[in-house]
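Starting from the two chains in their separate frames, assemble the complex, guided by the hints.
Chain by chain, the residues:
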Amino acid sequence: MPNMLFVSLRSDIDDVARALQEIAGFLESRSLPDRTAYVVTMAAEEILTNVIKYAFEAGDSHEITVEVSETDGSVRFTCTDHGREFNPLDAGPPPSPESLEDSQIGGLGIHLIRSMVDDLWYSRDADRNVFTVVVGARRS
Amino acid sequence: MELQVIQQDGELTRVALSGKLDVAGEQEIGDRFRELVTAAEGPMLVDLADVTYLASLGIRLLFAGAKSLSARNLKMVVINPQPMVEEVLLSSGTVKLIPVAKDEAEARRFLQ
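Those protein sequences? They're chains A and B, same order as listed. So for the first sequence, our numbering puts the first residue at 53; every next one is plus one. So for the second sequence, our numbering puts the first residue at 9; every next one is plus one.
Pulled out of the complex, with its shape left as it was, chain B reads as follows (with noise of 0.2 Å):
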């Protein structure tokens, strides 16, 4: 599992995750992903283009991130999922609580 910072500054905060975001992976990236959630001065995008896998604790990586930014009054947006893992996404009720974008566009749309 890898975790990409394509952009940090006071605008944005971009990442992309690549790989299986299952127990070993979440290892991997989950104490980056957090500071990188901490140190956020604007929103976040999550980029999960090249994630093949995600399961609950992925999601809840991604909850606590969300809340935390919510918190701040910042949000996050999720964007370019592969079919399982939007599935996953839908199933859990992710979608109802983190925007999914299927392009940067409709994700920038979103944090308008």
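Chain A on its own, in the form it takes in the complex (with noise of 0.2 Å):
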């Protein structure tokens, strides 16, 4: 099987369910562990469904392009995308809510990921967004 996937996609919800679908397929072909499945399954979803609320206008369709690729148990996952500059990670984390009341769950889901991820870095390329993430990275 080929350690490398590349989906193209649209900036809407239903091909970002789509394009999970295939990342999904992929990550299941590799027979990794299943925390490792799990986690770049999640940051995946999480930073598909971020770049289409936050780096394009509603409504606008644009292309996204995902490579995943896996390395003795270790995968790295990337996101490239031609909307306005948009690094998730400038919004540190969420404060520790205290009551259900205090609760504010906006920036949960980059939370998660860094919470949950080996390593993690975005970059500004040109006109272009690329968020990496690796999980199941070897430790030495």
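Keep in mind the hints are simulated off the structure, nothing from the lab. The model shown is predicted, which means the values in this text are computed figures rather than measured ones. Please note: incorrect hints may appear among the correct ones.
[Unchecked claim] List of simulated lysine-lysine pairs, DSS-like, C-alpha gap at most 30 Å: (1) B:Lys28 with B:Lys104; (2) B:Lys104 with B:Lys83; (3) B:Lys110 with B:Lys83; (4) A:Lys105 with B:Lys110; (5) A:Lys105 with B:Lys104; (6) B:Lys28 with A:Lys105; (7) B:Lys110 with B:Lys75.
[Stated by the list, open to error] Which stretches of chain A does chain B cover? Using the computed rule of at least three CB atoms under 8 Å from a CB of chain B, they are: (8) 68 to 82; (9) 88 to 95.
[As the list claims (entries may be wrong)] Going by beta-carbon spacing under 8 Å, a handful of chain A positions derived as facing chain B: (10) Ile65; (11) Ala107; (12) Leu152; (13) Leu160; (14) His163; (15) Ser167; (16) Met168; (17) Asp171; (18) Ser175; (19) Val186.
Note that the Cβ used here is the ideal one computed from N, Cα and C, for glycine as well.
This is the structure in structure tokens:
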């Protein structure tokens, strides 16, 4: 089986669902530990839904590209789009709520990614947002 | 994604979710879940034993439900999460606001 998947999608929720299915199929084909497959799936869903919410004007349709590769159980997921500059890591961790009444659930997705992946970084490359996460990195 | 109502009366609303609570799953059961929260006259138990995937979208659904119940002095307790779902509940801080029980006996203690 190839160790890399390339997916091109439009910036709408139905195409995100299709892309996530393709990513799930790829992860299944790599026989990864359950946690690695789960965290990559979660990161992909959080990142793609964030991009279509924040990087583009509502109603516009743009191309987003995703690359997923696997080497020795370590998975790298990269999402690239031509939307407005949007670094999800600028948000910082959400405040820890003390009660349900105080709870703010914005920023929860990126907080989850930060706490569960092994590495992540964002770059603005010319007019593109490039966001990468690594899951299942080999520990030395 | 499926939602099954196990009990719905003045004493307790108990629902069992099954499948992946992702974008598609939330679209399938979200409205029904919110209706049950609105109709609840007592605390709510949400059984996650057969939920294989949960991320921020599902947590928002639980948070919003628990918040709505709390405004009526009612509690929500989540029970039986699978290991990865439990890790997400821990990492997101959900467990600080919505108790997570290993079984029904523990859940009932949380509700006392």
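Here's how the hints hold up against the structure:
no.	hint	verdict
1	B:Lys28 with B:Lys104	23 Å, holds
2	B:Lys104 with B:Lys83	13 Å, holds
3	B:Lys110 with B:Lys83	17 Å, holds
4	A:Lys105 with B:Lys110	36 Å, violated
5	A:Lys105 with B:Lys104	28 Å, holds
6	B:Lys28 with A:Lys105	22 Å, holds
7	B:Lys110 with B:Lys75	22 Å, holds
8	68 to 82	holds (count 3)
9	88 to 95	holds (count 3)
10	Ile65	6 Å, holds
11	Ala107	17 Å, violated
12	Leu152	5 Å, holds
13	Leu160	4 Å, holds
14	His163	7 Å, holds
15	Ser167	4 Å, holds
16	Met168	6 Å, holds
17	Asp171	16 Å, violated
18	Ser175	23 Å, violated
19	Val186	17 Å, violated
Going down the numbered hints, you'll see the structure goes against 4, 11, 17, 18 and 19, while the others check out.
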